[in-house]
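Asker: First to last, the protein sequences are chains A and B.
Taking my numbering, the leading residue of the first sequence gets 115, the next gets one more, and so forth.
Taking my numbering, the leading residue of the second sequence gets 234, the next gets one more, and so forth.
Do not rely on the hints blindly, as some may be mistaken.
[Claimed, not checked] Within a straight-line C-alpha distance of at most 25 Å, the following computed DMTMM-like cross-link-like pairs (lysine to aspartate or glutamate) qualify:
1) A:420 <-> B:441
2) A:420 <-> B:445
3) B:351 <-> A:128
4) A:134 <-> B:513
5) A:172 <-> B:445
6) B:514 <-> A:294
7) A:134 <-> B:480
8) A:257 <-> A:194
9) A:420 <-> B:349
It is worth saying that the hints were derived from the structure and are not from the lab.
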Amino acid sequence: MSNKGLSTAHSVVEPTLGSKRFAMVIVVLYAVITLVPLVWIALTAIKSPPDSISYPPKVLFTPSIEGFCNLFTTRSRQTEEYIRSLPPPADACERAARANSMVIVSRSNYLPRFLNSLIIAFGSTALSVGLGVMAAYAFSRFKVPGKDDLMFFILSTRMMPPIAVAIPIYLMYRELGLSDTKLGMILLYSAVNVSLAVWLLKGFIDEIPREYEEAAMVDGYTRLQAFRQVVLPQAATGIVATAIFCLIFAWNEYAFAVLLTSGEAQTAPPFIPIIIGEGGQDWPAVAAGTMLFLIPILVFTVLLRKHLLRGITFGAVRK
Amino acid sequence: MNDRLGARLAQSTPAPLARHVRGLSDRTIAWLFIAPTMVLLLAINIFPLIWTIRLSFTNFRANRPNAELVGVGIDHYVSILSDPDVWGPMQATAHFLFWTITLQTLIGFSLAYLIDRKFRGHGFWTTLILIPMMLSPAVVGNFWAFIYQPQIGLFNYVVSFFTGIPPSSFEMLGSVKLAPWSIIIVDTWMWTPYVMLICLAGLRSIPDYIYEAAEVDRASAWRQFWSITLPMVLPFVMLAVLFRGIENFKMFDLVNLLTNGGPGSTTEVVSITLKREAFEKWRTGYSSALAIILFVAVFGLANIYVKALNAVKNR
Chain A
115 MSNKGLSTAH
125 SVVEPTLGSK
135 RFAMVIVVLY
145 AVITLVPLVW
155 IALTAIKSPP
165 DSISYPPKVL
175 FTPSIEGFCN
185 LFTTRSRQTE
195 EYIRSLPPPA
205 DACERAARAN
215 SMVIVSRSNY
225 LPRFLNSLII
235 AFGSTALSVG
245 LGVMAAYAFS
255 RFKVPGKDDL
265 MFFILSTRMM
275 PPIAVAIPIY
285 LMYRELGLSD
295 TKLGMILLYS
305 AVNVSLAVWL
315 LKGFIDEIPR
325 EYEEAAMVDG
335 YTRLQAFRQV
345 VLPQAATGIV
355 ATAIFCLIFA
365 WNEYAFAVLL
375 TSGEAQTAPP
385 FIPIIIGEGG
395 QDWPAVAAGT
405 MLFLIPILVF
415 TVLLRKHLLR
425 GITFGAVRK
Chain B
234 MNDRLGARLA
244 QSTPAPLARH
254 VRGLSDRTIA
264 WLFIAPTMVL
274 LLAINIFPLI
284 WTIRLSFTNF
294 RANRPNAELV
304 GVGIDHYVSI
314 LSDPDVWGPM
324 QATAHFLFWT
334 ITLQTLIGFS
344 LAYLIDRKFR
354 GHGFWTTLIL
364 IPMMLSPAVV
374 GNFWAFIYQP
384 QIGLFNYVVS
394 FFTGIPPSSF
404 EMLGSVKLAP
414 WSIIIVDTWM
424 WTPYVMLICL
434 AGLRSIPDYI
444 YEAAEVDRAS
454 AWRQFWSITL
464 PMVLPFVMLA
474 VLFRGIENFK
484 MFDLVNLLTN
494 GGPGSTTEVV
504 SITLKREAFE
514 KWRTGYSSAL
524 AIILFVAVFG
534 LANIYVKALN
544 AVKNR
């Protein structure tokens, strides 16, 4: 490596071709191995239930829509005579069910749980980013007594183990009638996310020169108008990135959801593991539910690439 | 627009005069802006915390809210701190913490070091590697339970393919020896990218001229690594360890879905003990005391660690 030092000043730190090749092979190998479980989820989702539990595990198989059918419906076993007496099947799912001597009884709870996840994730994100941007602006621009202590206090609320907080929240919500309600979960996730929102947004707002607002105020804007019309548009990228991080947290959260919700407000993460078929877990249906649940996050991850580092370190590392 | 504002600024009145021209004073706005966040945190975090502290001195049981409340003083704390059974979960947590952090730091740093070679397409592969950490640990962890199935799962099949061990001869989730490792593997799979990303930022923060100077001094590549690369990345590694440490101390979802503390109590980490005491045995008073002890522990450790981190940063 050191004999390259003679050519130009810049090539000193430029890795050699051989070391680049070696690095590439290892990194690509790691990436491929790390994606195997995810590929396996996708494959299992389009297997028929017997194919999903065959040994050795099948890589080549005839795709089946049973996983998705089972995810969205509940079925019951019926006698052959009863099934023969029915009118012809209306759709592919009905046909697949009848092939196994089943009929579709009703829709499953997956869709309502998925919608709960959406409502709670978006509701809590709106609330925590809304509150967060205001607090972040105040911390960034004004002399607030005990600022560092307040900022640390806000961060420390996130260090609490969720189970430890869940006990009193459970009791408090029972008193207030917020148990198993979407509003209760929105408030709870907002409280958890607001710390992230304040810390991230303060970093983003710190980067906007305060001369912009001061100039606007010289032009006759009030402080609030300057905040709305100068700071908020400048912070738009930061606000969107923060919102996506809040969304992802609320979307993925499990501990509070499994302890505090059971019906009305249950989100998808505690629901997916309990999808069962006849005689145990229906893995193609679980895989189908998992896949649909993960796709939005895959999209967001790609969108967030540039801000990922900042988001996961509470703004401590900005690149 | 910036130029116009800049020009304006140059000839503007001094800042103190410009303030208070119209509208609310800055002080009022500061409090108006901070208050809602504080109210939310006080209501959802601090009030319940105080409630927990109060309950920890009583025999309260959440499934019998109307039973007479009896104060028990510090009995719960004494019995937790002197109970050898509490050390089981503590040891399980320590074992889990030690191995996940060690593996994630080693693999994460190595990957970051390799990605920093900037080979063609490294951005694309980095994004792929990052995917697992963005996913829901519960939903993906649940699927790992399927991958670990001894008869039908992919994991045993792959192990037997490479080692020749019969696939049904071992059970990742069911055996006392392997169950802790089954969780460590999933956690490492999920969170190595996290450590990698932070290490990568550290590596990229080292300015080229330092290496150039070392090159002029004819320092060997090995020497450069130990006296430049490693010390300069260390604060970043410590930050990653801090975040992973706090998260994994609280670890609940993966364990709850993969083993639920079993077999027996071999993988019962403290969060699982807490869940069992609070939501299965309904010993609310006792579990509140345990929660407080845990919270103090996390908080204390995090504080010490942050101090150490700052010391390294300011070196």
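Asker: Evaluate each hint against the coordinates.
Answerer: Structure-based check of all given hints:
The hinted pair formed by residue 420 (chain A) and residue 441 (chain B) meets the criterion: a straight-line CA distance of about 22 Å does not exceed 25 Å. Pair hint residue 420 (chain A) plus residue 445 (chain B) does not hold up; C-alpha atoms about 28 Å apart against a cutoff of 25 Å. Between the alpha carbons of residue 351 (chain B) and residue 128 (chain A) the distance comes to roughly 9 Å, so the proposed pair stays at or under 25 Å and holds. Distance restraint check for residue 134 (chain A) and residue 513 (chain B): the Cα-Cα separation of roughly 54 Å exceeds the 25 Å cut-off, and the hinted pair is therefore not satisfied.
The straight-line distance between the Cα atoms of residue 172 (chain A) and residue 445 (chain B) is roughly 53 Å, outside the 25 Å bound, and the hint therefore fails. A threshold of 25 Å between alpha carbons decides the hint, and for residue 514 (chain B) with residue 294 (chain A) the separation of about 21 Å falls inside it, so the pair holds. A C-alpha spacing of about 34 Å is found between residue 134 (chain A) and residue 480 (chain B), which places the hinted pair above 25 Å, so the restraint is violated. For the hint pairing residue 257 (chain A) with residue 194 (chain A), the CA-to-CA distance comes to about 78 Å; that exceeds 25 Å, so the pair is violated.
Note on residue 420 (chain A) and residue 349 (chain B): the hinted pairing holds, with a Cα-Cα distance of about 16 Å set against a maximum of 25 Å.
In summary, the structure is inconsistent with hints 2, 4, 5, 7 and 8 from the numbered list given earlier, while agreeing with the others.
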